[in-house]
Structure formats: C-alpha cells, structure tokens
Amino acid sequence: MKKKLLLSSFFMMLAPLVLMASDGEHHLSYSLTLTHNMTLLVLQLSIIIISCRLFGYIFERYLKMPKVLGELLSGIIIGPYALGGIKLSFLSGLGASQLFTNPLPIGEAGIAITPELWGLAVIASIVLLFLTGLETDLPTFIKFSGKGSFIGLGGIVFSFVFGDLIAVAMLGGVTGFMHPTALFMGVMSVATSVGITAQVLSQKKKMSTPEGVTILAAAVFDDVVGIIVLAVVLGIGAGSGAGTDWAHIGIVAGKALGIWLVTTLLGIFFAPKLTKGMKRFKSMEIVAGISFGIALFLAGFFEMFGLAMIIGAYIAGLSLSQTDIAYEIREHVQGIYDFLVPIFFCVMGMLVDLSIFNPFENSSLLIFSIVYVLIAIVAKVLGCGLPALLSGFNLKGASRIGFGMLPRGEVILIMASQGLSKGLIGQDMFGVAVMTMIVTTVMAIPGLLVTFRGGSGYRAKKGEDLSAKEMKSIELEFATPRMAEFIKGEILESFRNEEFFIQKVDHSDHLFYARKDAVTITLALEHDKVSISMLPQDETFVRLLVVEDILAMKDLLSGLESMKSPDMMGAELMMGMFSMFDSDATPQDKGFDNTEKAEEGDDEESEDEEKENESSDEE
Amino acid sequence: MNLKKILSKDVICLDLKSKTKSDVLSELVALLVDSGKLAAEKRDLVLDSVKRREAQMSTGMQEGIAIPHAKTDEVDDIIACIGISKGGIDFGALDGKPSDLFIMTISPAGKTGPHVQFLAEISRLLTNPDKRKRILSATTQEEILAIFLGK
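Sequence order for the protein chains is P and Z. Each residue of the first sequence is one higher than the one before, counting from 1 in the working numbering. Each residue of the second sequence is one higher than the one before, counting from 1001 in the working numbering.
If we strip away everything but chain Z, and leave its shape as in the complex, we get:
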C-alpha cells in the first residue's frame, strides 16, 4: 500500500480548532478542500456522506484514534487527511474516551481499489503506542508525515 501517494504535508493539521464532533468533521473536509484534493462545490455532499456514516456507528476507536470515512461518487480517487485535536473532543468513541487523532478517508463508491486496505494500514500503524505518542507531540507536518511513511 502506497501511503505516499495519498498523504502529503498539506493534508495534515496539527491543531484542530473544533470542539464538537460535527465541527471536527467540517474542519477535516475543509482541510481536504484547502489542500486542493477536493473541489469546493463538493464539500457539502462529502460532509453529508461522512456524517451519514458516523450516524451508523462512530468511527472513534480506542486510544483517542478516530477514522471518519465514507464512500461517495464525488471523488475519483481515494483522498485522506490527518488532524490532531489538542486535548481531544468527544467523538462518541467505543471506549468513551475523547478522541485526539483523526484520519479522514474519502473513497470513490463505484470504483474498486484498496480503500479499506488504506484504512487498515493506517489503523495498524497506530496500534504502536510509541508512534501515537510521537504523532501527538509532533510540532511540524513533516514530522507526522515521516512517521506515517515509516521513516
């Protein structure tokens, strides 16, 4: 799985401002728009599908990690962004704890591709507590990118 193609430093936000789940999702989608990965006019439709997926079951997992994602025809290729919330917010996580590390993935609905495999790859990387610590204490986007790319 080539994370390098999907992740770049302009889709990483070191300090998310939002304090609620809904705001975090908007902010992450905005990050995708700002980085040029997502056309601005598709913002609402994509946000909608992410929220719909969250309504089925929260993607907040354990250890403060959340992986909001959705499949939609609004995108042609898989896109992703990473955001960190200092202090964490209530994301309705499985373990009830606040979430502070967000990885959002949007993948095309009608196309085959390693979409879930991307999610899995990221999730597996984050099972390492040391890496999690380094990501949360990182001060630059490059630093975080390097950790995800295994450098």
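Only chain P is shown next, with the shape it has when bound in the complex:
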C-alpha cells in the first residue's frame, strides 16, 4: 500500500539509467536494445532477489550469522566471476552471452556488472544511508557521548592510521600517507557496524551492561564521525589532481568538512519548518515520498561537489531525524529498504573476483589482504580497548568493548563501493574490503561470546561493591507474541512518560534502550517474552513501572470481559439478529459464535479478544 508509491517511483528512476546505457547504440536498434537491456535486467533481478533472500535466510536461521553475510555470499556465487560468468546460449537473443557480465566495460573503474544493475545498487546505498541518518539519535549522541566518544575515537584513529600505513608500506604506487588510495584504505578500516554485536549481546542479556551501553554509544559516534572522515577523504581524492601539498589538502579537506557541517546545520534548522509545511498534504505517503526525493536531491548535490551521494542522503536523514514525523518517514522508507538493501549486498558480492586471491598467480595481494584484515582487527580491538582501559574498565571489559566494535559490516561495503566508483580503489582492494567485512563480522561473534563469560568488566575502585554493577533482569512471559508486543509498547510509553529517551538498538523492533541521565535500561522482545535488564539500583523503579502497566492491561481486559456479558447492548443486538434466522437454536449460543467472527475483521478488536483468551489460559 504505502510502500507502493516509493517502489514505483524508484523504478521510474531506473529509466534514465537504461537510456544512458544505450547511448552508444545505433538509432535504429535503439528501442530494441532498450527492450533487450530491460529484459536482461529483469532476469538478473529475479535471480538476485531469489538467491540473496535464500542465502540470507540460511545464514540467519541455520548458521546464526548476520543475513548480510549470506546476501553477500550469494552475490559472489551468482556473480560474473562465478556462475554468472558462464556462457548461456539462450541469452544471445538479448545481445548478451553471460547473465551478469557487463558487455561494455564502463570507464576506467571497470565495474563488472551492467550499468543498470550498478544504478540499482547506488540507489540502494542512498536508501540505506538515508534510513541510517533517520535513525541516528542526535540527542543521545550529544548527551551520552562522553566515554563512548573517547572509545569510538580511539578505534577510528587507530584503524585509520594503520589502514593507511599498510597501504603505504605494501601497495605499489601509493607514495605517502596523504595518497588518496592510502587515505581511502584508512577510511575503510574505520567503518563500524555493531548490528551483530547488539544481536549477540541481546541474546546473552548483556545489552545494559556498562560494556553494552558503551559500545552502542561509541557506535553512534563512529557513524557520525565515520561519515565526516569519508567526506573529507573523498574531498581530498577528488581534489588531489591539482597537487598534494599540505596546504592544498588542508583547503580541500576544510571545504569538504565545511559543506558537511553547513548542510547538516541548515538541514537540522530547516527540517522542522519543511515538515510543518508538508503536513498540509495530510498524507504521510506524500510526505515520505517528498522526503525521499529531497534525500535524492541532496545526494546528487553532494556528488556534484566532489563528495559522495551517500553523504548527502545521510544528511537528509539526519536532518529529518529530529522532526516529529521522523518515525512515519522511517516506516514508509523501510519498505524500499527491505526490498533494495539485500540486492545491494548481493550486487556488492558480485563485484568480488575470488580468483585474484589465488596465491599461485598473485601472492602479494593475498598477503596484503591477510595483513590488512589482521591489522583491521588489532586496530579496532586495541584502539577501542585502550581508551576503555583508561575509562574504568578492566582488561576483560576492555576486550569486550574491543570485540564489540570490531565488525565492519555493511558500512565498509558502502564505503568501498564509493571508492570503487570514484576510482580511488580498484577491484582488488574492493575484494580486500569484502574479506575484511566477512572476517571481522564472523570473528566478533566468538570474540564476544568468550570475553563476555565470567564477571564484571568494570574495575572496582577502592571500597566499591562490584555487585552493584551486575545486571539484574526481569522476565515476563506472555501467552502469545502479540500480547508481549502489546505490553512492550505500553512499557516503552511509560518510560517515555517518565521522561526517558527511547532508543531503538537495531533496525528491528525488538531491542530498545530507555535512557535518562546516567540510567540505561534495556528492553528486549523475544517471541512471547519481554525481558528488561537494568542495574540493581533501578530495579525498584522498573518493577513499579511494569506493575502499573500490567494493571492497566488487566483493566483493559476486564473492560472487554464486561463487554462480552449478555447484558451488553451489542450482544443483545446480535442475538436478536440471529434468532431471526434460526428459531430452534438458543439465541445465546448462536449469537456469541457470530459475535466473535464478526469481530475478526477489525484488527484491534480481534487482537484484544485474543489477549483476553490467553490471559484466562494463563490463569
């Protein structure tokens, strides 16, 4: 429904790409080529969507790994360097010999897939960054950034410097620290994506631990600062043709930073006014559509100024994130996100040519990628771990934070795709980025599981009772997932009423932080269970809060109970109605059966009905 609009508008955007791709063809065969290219694209998409969904499912369900790894792997397998490169004779009618190979290599970047497909990936990356911006929680970033920023910054500096230096030391043609490729190898190592960390910690009920809270805060910092660093490096990359002296680089970097800062400030200032105006449309579909349009515009604008489309998209999202309709826009964009982003990961996988890592042909690349990955691990674990050690954590706590910050996730893929399209890195370094992403993400899981064993990660000050830092957790089990979801919403609302700030931890609707000053409470929804964890000093508060919510729910249910009683007017009406048809049956029996059926049509009603039945089961 509401997602349709955005989906169709995005398909319309594809049309110019197709036209562009056919530019070089003869005029006569133009329309034929157009149809051929479109047909090929549709076939490609069908294979991509089906395979990345299947692989994503297998990875998540059976291997307990992030979906994105499966989607990426599906791309490697079906891509032009593997199955997609096999000659298929039936495709010759479309002017192609292989399903995924680009018949006309485009430009110097030499991207292996067709421009149409690449265009799709570009739009997907814009959607991804727009949504990331929308979900960035600026107040939290500003308010809780203290310790987290220190740790995040450590990880960024270490990763950037080491990533850059390895490139200088090992890559031919990379002349110095400020060489664009070196800088870009540094930026890629900076990426952080703590989605998998959040998943592991939530399963182990460690989200509200000081480590968990710190990791999340540091990750928000990394998101914001990582984008700025990327903007600066891309600025330098675009401007480096004129010279590489420090003054010039300083100007270019300052310009990139300036554009970033000014646009962000303007965006945050004007977004509320803009959304206020847009509300006149009275339709969130239109508002979300226009917002996405603005994101695309800013994306194009940034690209024109030598930055990157994704940075513009991120700023558009960030600006809108503080408006009162951020949530609605998110809801509407989520539809395209869910559809496009897996395709993006799959397409990224397609760009990986595994054969370049063949040690017999090109051992230096394999060695480089191993070193780069190892250093990427060490840089993050040390870069985040050392500041953690300095801010009150013990060795255990510091290594937990280090491993938590390790995964590069989708962020490095997005960055790498930028570097590839701008010619800052080639397909070999793109492959290295993908390796880094896979290894760091997979490594983080055992790393976290091992380090999170045992006691507190906090260093006890003299006379401090460490048990005061041990998390307490309250678990509530409900009869059905829907009921648990309902009470989750109620509890979050109560936290909001207590002036807590609610923060969603990942894209799903299952993990939340409720924060106020120094208090952080985690709420996790898992199937039919709601679990809340907090520090011991907050336990009384949480218990009292939840009791009131349960009581309110009980009230609601008993309200429904009374509605069902035969003296209710509605029931009487129904009874009268059915006794007209069947005079033999007792009116009561018939009437009630049908009352329930009739109510099923109405979402809210039937939901409550369900809950009611379950609560009596429970008792």
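Keep in mind that the hints were calculated from the coordinates and are not lab data. From the three backbone atoms N, C-alpha and C, an ideal C-beta is built for every residue, glycine too. Warning: the hint list may mix true and false statements.
Said to hold, decoys possible - Below, in silico cross-link-like pairs of lysine-lysine (BS3-like), each with a Cα-Cα straight-line distance of 27 Å or less:
no.	chain 1	residue 1	chain 2	residue 2
1	P	K472	Z	K1086
2	Z	K1086	Z	K1021
3	Z	K1131	P	K554
What the hints assert, rightly or not - Chain P is nowhere near these chain Z residues, computed Cβ spacing over 12 Å in every case:
no.	residue
4	R1053
5	K1131
6	L1136
What the hints assert, rightly or not - Ranges between beta-carbon positions, derived for each pair:
no.	chain 1	residue 1	chain 2	residue 2	range
7	Z	D1077	P	M304	29 to 39 Å
8	Z	M1057	P	K205	26 to 36 Å
9	P	D528	Z	E1063	32 to 42 Å
Following the hints, position chain Z against chain P.
Same frame as chain P, now just chain Z:
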C-alpha cells in the same frame, strides 16, 4: 530525584487515627488538602482515583509499607504525603501483615515527569530496616523529613 521539592513537614502525619483501609486513604488525602497542596474541591475525585488503583491491586507491600498512589488530571504536579499508623491496619498487603507506614503519591496523568521514579526512590529508601525503625519511632515531623531527605 529531588524529594525536597515534594516533601515538607506539613505533609507528614505522625499518628493516623483511621482503623480501616478506606479511612486511611481519606485521611491521607485530607492531609494533602490541609497542607494546601490539593484544592478542597478536588478531594473526592482524587480519593476516587486512589481507591480505584487500590481496587486493582493493593499497594500494601512488605514490612508494613504501603504506597497508595494514582494518576489524575486533578493535579498539575506530583504531590505526596506520609502518614504513620501506630499499631498498623489491615491494608490488604502482599505479605498479609498490617501496614503502618503510608506514603501517598498523586501525579498528573497527562504530564510526563519522574512519577514512578519518585515512588521508586521512596521505596528504595525504605528497604533499609534501620531507616524504617527510625521513621516509626520518630516523635517529630522534622525528624521524619530528615530521614527521607537523607540527613
């Protein structure tokens, strides 16, 4: 949490006269009215909402402590009072024992604010048996206030 803003010595009663749950609730609401924190004409509506909350589940906890409370639009800010019943009364407490220390809180329904946090703060203070003893044996309102304010 600033208990000082909410608690003062004129909302503390050292010797509640009531012997039943319903009377205690009336007496506590009366204390709020007498101290000037609650307008007299709102007395019945507030008492009603407190009773409604008690009907859902008693706020009588363990160790003789009860925290009757309600959310209502009759008040603009959170108000509270403290009462002690010598000998205790049957408040339908969770542990079945008589309740002797009452802390009543009324908070605005439509407004956000640290309402449950106030309740939690008070409750947490009372987990300390020594403090409970001192409160129950106190002879002046100032003494009780000092204990709640952590002096």
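Evaluation of the provided hints:
1. P:K472 x Z:K1086: Answer violated: K472 of chain P to K1086 of chain Z is near 36 Å, above 27 Å.
2. Z:K1086 x Z:K1021: At roughly 14 Å apart (the allowed maximum being 27 Å), K1021 of chain Z and K1086 of chain Z satisfy the hint.
3. Z:K1131 x P:K554: violated, 34 Å
4. R1053: violated, 8 Å
5. K1131: With a cut-off of 12 Å, K1131 of chain Z remains clear of chain P, as the shortest Cβ separation is near 14 Å.
6. L1136: It holds; L1136 of chain Z is separated from chain P by about 20 Å at its closest Cβ, greater than 12 Å.
7. Z:D1077 x P:M304: 29 to 39 Å: Between D1077 of chain Z and M304 of chain P, where Cβ atoms are some 54 Å apart, the hint is violated.
8. Z:M1057 x P:K205: 26 to 36 Å: With Cβ atoms ~28 Å apart, the hint holds.
9. P:D528 x Z:E1063: 32 to 42 Å: Hint holds: Cβ distance 34 Å, inside 32 to 42 Å.
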